[in-house]
Amino acid sequence: MRAMLRRHGGAIGAFLVLFLAWEVLVRLFGVAHYLLPPPSVVLADFARRWPRVLDSTWVTTFEILAGYLLAVVVSIPLAMAVAYSRWFERTVYPVVVFLQIVPKIAIAPLFIIWFGFGFTPKLLLVFLLSFFPIVVAAVAGFKSVDPEVLDLGRTTGAGPLRLFWRIRLPHALPEIFTGLKVGAALATTAAVVAEFVASNKGLGYLLLEYNGNLETGMVFAVIIVLSLVGLAVYYAVELIERLTIPWHVSQHGDATRPGTP
Amino acid sequence: MTAGILVEGVGKTFHPQEGRAGTPVRALEGIDMVLPEGAFVAVVGPSGCGKSTLLRMLAGLLPCEEGRIAVMGRAVEGPVTDIGVVFQKPVLLPWRDVLGNVMLQLELRGRDARAELPRAERLLAAVGLDGFASSYPHALSGGMQQRASIVRALVHDPPLLLMDEPFGALDALTREQLRIDLEQLWLESGKTVLFITHSIDEAVLLADEVLVMTPRPGRIERRVDVPIPRPRGLDGRSHPVFRTIVDEVTRIFLDKGVLHGTGERASLLGAQSGGKGS
Numbered sequence: 181m182r183a184m185l186r187r188h189g190g191a192i193g194a195f196l197v198l199f200l201a202w203e204v205l206v207r208l209f210g211v212a213h214y215l216l217p218p219p220s221v222v223l224a225d226f227a228r229r230w231p232r233v234l235d236s237t238w239v240t241t242f243e244i245l246a247g248y249l250l251a252v253v254v255s256i257p258l259a260m261a262v263a264y265s266r267w268f269e270r271t272v273y274p275v276v277v278f279l280q281i282v283p284k285i286a287i288a289p290l291f292i293i294w295f296g297f298g299f300t301p302k303l304l305l306v307f308l309l310s311f312f313p314i315v316v317a318a319v320a321g322f323k324s325v326d327p328e329v330l331d332l333g334r335t336t337g338a339g340p341l342r343l344f345w346r347i348r349l350p351h352a353l354p355e356i357f358t359g360l361k362v363g364a365a366l367a368t369t370a371a372v373v374a375e376f377v378a379s380n381k382g383l384g385y386l387l388l389e390y391n392g393n394l395e396t397g398m399v400f401a402v403i404i405v406l407s408l409v410g411l412a413v414y415y416a417v418e419l420i421e422r423l424t425i426p427w428h429v430s431q432h433g434d435a436t437r438p439g440t441p
Numbered sequence: 003m004t005a006g007i008l009v010e011g012v013g014k015t016f017h018p019q020e021g022r023a024g025t026p027v028r029a030l031e032g033i034d035m036v037l038p039e040g041a042f043v044a045v046v047g048p049s050g051c052g053k054s055t056l057l058r059m060l061a062g063l064l065p066c067e068e069g070r071i072a073v074m075g076r077a078v079e080g081p082v083t084d085i086g087v088v089f090q091k092p093v094l095l096p097w098r099d100v101l102g103n104v105m106l107q108l109e110l111r112g113r114d115a116r117a118e119l120p121r122a123e124r125l126l127a128a129v130g131l132d133g134f135a136s137s138y139p140h141a142l143s144g145g146m147q148q149r150a151s152i153v154r155a156l157v158h159d160p161p162l163l164l165m166d167e168p169f170g171a172l173d174a175l176t177r178e179q180l181r182i183d184l185e186q187l188w189l190e191s192g193k194t195v196l197f198i199t200h201s202i203d204e205a206v207l208l209a210d211e212v213l214v215m216t217p218r219p220g221r222i223e224r225r226v227d228v229p230i231p232r233p234r235g236l237d238g239r240s241h242p243v244f245r246t247i248v249d250e251v252t253r254i255f256l257d258k259g260v261l262h263g264t265g266e267r268a269s270l271l272g273a274q275s276g277g278k279g280s
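Protein chains in written order, with the working numbering: chain A, 181 to 441; chain B, 3 to 280.
If you are wondering where the hints come from, they were derived from the structure by calculation, not from laboratory data. The beta-carbon is built from N, C-alpha and C at its ideal position, and this holds for glycine as well. Each hint should be verified, as a subset may be incorrect.
To be verified - Anything over 12 Å on all C-beta distances counts as not near chain A; from chain B, calculated:
(1) Gly-11
(2) Phe-16
(3) Arg-28
(4) Gly-32
(5) Glu-67
(6) Gln-90
(7) Gly-102
(8) Glu-109
(9) Leu-119
(10) Arg-124
(11) Leu-189
(12) Glu-190
(13) Leu-236
(14) Asp-237
(15) Leu-271
To be verified - Within a straight-line C-alpha distance of at most 25 Å, the following computed SDA-like cross-link-like pairs (lysine to any residue) qualify:
(16) Lys-381(A) <-> Leu-341(A)
(17) Lys-323(A) <-> Leu-64(B)
(18) Lys-323(A) <-> Gly-145(B)
(19) Lys-361(A) <-> Asn-380(A)
To be verified - Looking from chain B toward chain A, a few residues come up when the C-beta cut is under 7 Å (computed):
(20) Pro-81
(21) Phe-89
(22) Pro-96
(23) Arg-225
Model the full assembly from the supplied sequences, consistent with the hints where possible.
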């Protein structure tokens, strides 16, 4: 993903070729626009009706961010508890691991029964989908500290808090960010699915409505906007990663760049 | 003579974890040793002879249930803090540059790292790392990483340095250079050093006294004094005593079945020891 971004030019070229081929083939074979509209029609439709899409975008984006932040705030302390307390590891963690197997999307209809059509079920589904990858990655991160580094720490007489801030937390950050990125990618999916199940606003709702009216051009427009929202959330997390742990990114990001940042 | 380290009748048995299958392993048996203050003592033995266990017990990282250990005149009951430890791996933190890794030692002790910057810089220069203070570990060779970890073990000026096969993962040439540099550093600092290695040559070239350890259970088979004058540097090997002591230690390992030799030299040493042993 990152390598693709760096080779910007190639990717943009490939997309242009893709859209061009799409346009030419649709027109060449005379495909009905309600089946597959050419990119030019998608663009024209979107240009005409974007204000409504934009309104829905804010709704969905807010659901994504709220659910995702809730997941981060809950999962990281929980991961710490699991990593540092044997009791938590033996009682709470097996339950978490088991729940991870449950297809979370299947729970969405239940949320409607429990919480109705409003914001809450969306928040909870986004939370649920982003939560597990973050917990699992953070537990692995907190537990993977080299025992020799901790031995070294113990010979300095440093207390647990100091060891946490200077050794355990920075050590766990790369893995935590891996989980954060997986969670971010899932958050968008979760918000759309939650809106599919029951809602009267948001991009997922809009998608269903356009779909029902066979306004295929707008369906494509919404899908593209959704992808952009997902991409923005993902890259926001990655930007934070780059700022937080530049040493890690520079080490593993690109072999062609000189090693020292 | 004050003792840097005093070990009396120390033994160690590792029991299998609760609820797991396995038999207890006797790692150490009847260890006695005295390290005078300022001495350089090497422990040489094969992998698995318990020498790392012994070091970890001296550092207070493993509990001592059998026998008595005192370090710098104090009985060891928990992690010992007035020491510097160098492990086989450099264990540098990848998110800190060389200077940051060195300063970690001071920060973890709650000491003012800035005030001791000149000392850290002096030590870095002494091991040839001047100019690399702001390099990150992944940009350094294994030898340079280990040099940084040695500086980290010295920056708080501990009276005692424990080294657990510090050169074990390095190539032969780097090892040789680090050995020479370590001797120089020790001569200048006058610290007590316990150096663990599986290399007989390294032990004999570095130490005033070599403790020969044999496995299962780990015990100190013999103490050997090394009267080679200092600084030994590159000349240590050509001193006549060097070969004699290396042979003496090799013979112990042949005797105990740690080494199995073929060729004239092995049978010579083996025959000698057979004669002496009976």
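Hints, one by one, checked against the model:
no.: 1; hint: Gly-11; verdict: holds (24 Å)
no.: 2; hint: Phe-16; verdict: holds (15 Å)
no.: 3; hint: Arg-28; verdict: holds (23 Å)
no.: 4; hint: Gly-32; verdict: holds (25 Å)
no.: 5; hint: Glu-67; verdict: holds (18 Å)
no.: 6; hint: Gln-90; verdict: violated (9 Å)
no.: 7; hint: Gly-102; verdict: violated (10 Å)
no.: 8; hint: Glu-109; verdict: violated (6 Å)
no.: 9; hint: Leu-119; verdict: holds (18 Å)
no.: 10; hint: Arg-124; verdict: holds (21 Å)
no.: 11; hint: Leu-189; verdict: holds (24 Å)
no.: 12; hint: Glu-190; verdict: holds (23 Å)
no.: 13; hint: Leu-236; verdict: holds (31 Å)
no.: 14; hint: Asp-237; verdict: holds (34 Å)
no.: 15; hint: Leu-271; verdict: holds (36 Å)
no.: 16; hint: Lys-381(A) <-> Leu-341(A); verdict: violated (46 Å)
no.: 17; hint: Lys-323(A) <-> Leu-64(B); verdict: holds (20 Å)
no.: 18; hint: Lys-323(A) <-> Gly-145(B); verdict: violated (28 Å)
no.: 19; hint: Lys-361(A) <-> Asn-380(A); verdict: violated (29 Å)
no.: 20; hint: Pro-81; verdict: holds (4 Å)
no.: 21; hint: Phe-89; verdict: holds (5 Å)
no.: 22; hint: Pro-96; verdict: holds (6 Å)
no.: 23; hint: Arg-225; verdict: violated (26 Å)
Violation of the numbered hints given earlier is confined to hints 6, 7, 8, 16, 18, 19 and 23; the remaining hints are satisfied by the structure.
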